[in-house]
Amino acid sequence: MSIARWENALREVTRVPGVLGALIISADDGLVVAESSMDELATADVAALSAALILRASRCMSAMGKGAPGSVHLVGDAGALLAVAGPAPLWLVAVAHGDAELGRVRLLLRDFAVVLA
Amino acid sequence: MNDLPATPGRHGFAFLELGERLRQRGQFAAAASVASAGLSRYPSVADAHDLLARIRADQGDDAGAVAAWHAALECDPVHIGARKGLAFVAFRAHDFVNAERHLDLAATQAPHDASVLAALDRVRAAARQRPGDESPEPGDPGSGLILYDMQGLRLAGSIDQDSDDADADAAAATGAGLTSESVRVARLLQLGAVRHLIIEAADARVIMMPLTADAALLLHRGATTPLGRLLALGSRATVAARAWLERMA
Chain A
1 MSIARWENAL REVTRVPGVL GALIISADDG LVVAESSMDE LATADVAALS
51 AALILRASRC MSAMGKGAPG SVHLVGDAGA LLAVAGPAPL WLVAVAHGDA
101 ELGRVRLLLR DFAVVLA
Chain B
118 MNDLPATPGR HGFAFLELGE RLRQRGQFAA AASVASAGLS RYPSVADAHD
168 LLARIRADQG DDAGAVAAWH AALECDPVHI GARKGLAFVA FRAHDFVNAE
218 RHLDLAATQA PHDASVLAAL DRVRAAARQR PGDESPEPGD PGSGLILYDM
268 QGLRLAGSID QDSDDADADA AAATGAGLTS ESVRVARLLQ LGAVRHLIIE
318 AADARVIMMP LTADAALLLH RGATTPLGRL LALGSRATVA ARAWLERMA
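Just so you know, the protein sequences line up as chains A and B, in that order. 117 is the number that the numbering used here gives the last residue of the first sequence; the numbers go up by one with no jumps. 366 is the number that the numbering used here gives the last residue of the second sequence; the numbers go up by one with no jumps.
Next up, chain A with everything else stripped away, as it sits in the complex (with noise of 0.2 Å):
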């Protein structure tokens, strides 16, 4: 799949209404691979963010004698972080407001990162 079409796969995502940006992220160096975002999203901060907190949530998993984590969703007050397991590296995220659909959100980024594959 070329980046192009990646592209179009996270313009999908960030169609979904609230939804502030999605991206694709290298999760061992926590940069951006592809994105689709709003101006007000700062895409490198949220790559290199998600791949802090995805190894959290991959030691916190290992410590419970758990399977290795497939996605990471972090929900607040005012908006939502999904991340989703691609192909490794690679893991598919979305930033949201907190009104946004996030069952459809995630139900797109599991569909995208099988496609990734």
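Hint data in this document are derived by calculation from the structure and do not stem from the laboratory. Each hint should be verified, as a subset may be incorrect.
Restraint ranges, calculated between C-beta atoms of paired labels, are given here [claimed, not checked]: (1) 33(A) / 366(B): 40 to 50 Å; (2) 176(B) / 115(A): 26 to 36 Å; (3) 234(B) / 38(A): 54 to 64 Å; (4) 144(B) / 78(A): 50 to 60 Å; (5) 104(A) / 142(B): 45 to 55 Å; (6) 45(A) / 360(B): 34 to 44 Å; (7) 282(B) / 38(A): 43 to 53 Å; (8) 42(A) / 184(B): 37 to 47 Å; (9) 111(A) / 141(B): 30 to 40 Å; (10) 161(B) / 103(A): 23 to 33 Å; (11) 39(A) / 239(B): 53 to 63 Å; (12) 297(B) / 88(A): 20 to 30 Å; (13) 234(B) / 89(A): 44 to 54 Å; (14) 114(A) / 343(B): 17 to 27 Å.
One-sided and incomplete, this derived list gives chain B residues near chain A with beta-carbon spacing under 7 Å [stated by the list, open to error]: (15) 276; (16) 302; (17) 316.
Examples of chain A residues toward chain B, derived with CB under 7 Å [as the list claims (entries may be wrong)]: (18) 49; (19) 56; (20) 59; (21) 61; (22) 63; (23) 66; (24) 70; (25) 75; (26) 76; (27) 78.
Ideal Cβ positions, reconstructed from N, Cα and C, are used throughout, including at glycine.
Got chain A; can you put chain B on it based on the hints?
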């Protein structure tokens, strides 16, 4: 396997019998090979998907087993074996609600099947013995609930009945790191105060919820637990944990 007949013989599909014999002998790789070859020829035979699912379950591949049993139900929506299998996997993951649901559906289709009715009794008995599943309590070692402070010290709880204190301490220490990172990410991305963080894996779903500025909880359930239910259980655990913290103060 290339010379499989196009239609079942007088006694049904021979590969099902062969695959089942191999499975019962513990020759799982050979059994899976026979089942997969049969499925490539007869993809709409629900019993073949059921056979492959049972082999995967024997191999400990619950996610693969669940996928195969769902495929069996697509071929035959009233397949009793698939319902029993899905119930078995849910039961093994301590997800008694889903186990009971699948067995209820099986019992609807086969109301006189003694094995289904016996399994339903076992699931309901296990669910009664695990009241913490509906209202996780910090003091219940089977509730899958761990409370910890932000220094990473465990306040109460354990991972499960099979784990020891060292495992729970390690989970608490990494849980505190996860909570701190969640708060930092939420602040920097302007997501507001953290409500919860959910981690999905092939074998489990885990929810982290802050309790106070100094404490948080981790709660885990099986991979088949619906996210909404996990969230509801997490909310109940939060209430119980806050009450526990107040008693300890």
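Hint check results:
| no. | hint | in the structure |
| --- | --- | --- |
| 1 | 33(A) / 366(B): 40 to 50 Å | holds, 48 Å |
| 2 | 176(B) / 115(A): 26 to 36 Å | holds, 28 Å |
| 3 | 234(B) / 38(A): 54 to 64 Å | holds, 57 Å |
| 4 | 144(B) / 78(A): 50 to 60 Å | holds, 56 Å |
| 5 | 104(A) / 142(B): 45 to 55 Å | holds, 47 Å |
| 6 | 45(A) / 360(B): 34 to 44 Å | holds, 38 Å |
| 7 | 282(B) / 38(A): 43 to 53 Å | holds, 48 Å |
| 8 | 42(A) / 184(B): 37 to 47 Å | holds, 39 Å |
| 9 | 111(A) / 141(B): 30 to 40 Å | holds, 38 Å |
| 10 | 161(B) / 103(A): 23 to 33 Å | holds, 31 Å |
| 11 | 39(A) / 239(B): 53 to 63 Å | holds, 58 Å |
| 12 | 297(B) / 88(A): 20 to 30 Å | holds, 25 Å |
| 13 | 234(B) / 89(A): 44 to 54 Å | holds, 49 Å |
| 14 | 114(A) / 343(B): 17 to 27 Å | holds, 21 Å |
| 15 | 276 | holds, 6 Å |
| 16 | 302 | holds, 5 Å |
| 17 | 316 | holds, 5 Å |
| 18 | 49 | holds, 5 Å |
| 19 | 56 | holds, 4 Å |
| 20 | 59 | holds, 5 Å |
| 21 | 61 | holds, 6 Å |
| 22 | 63 | holds, 4 Å |
| 23 | 66 | holds, 4 Å |
| 24 | 70 | holds, 5 Å |
| 25 | 75 | holds, 5 Å |
| 26 | 76 | holds, 3 Å |
| 27 | 78 | holds, 3 Å |
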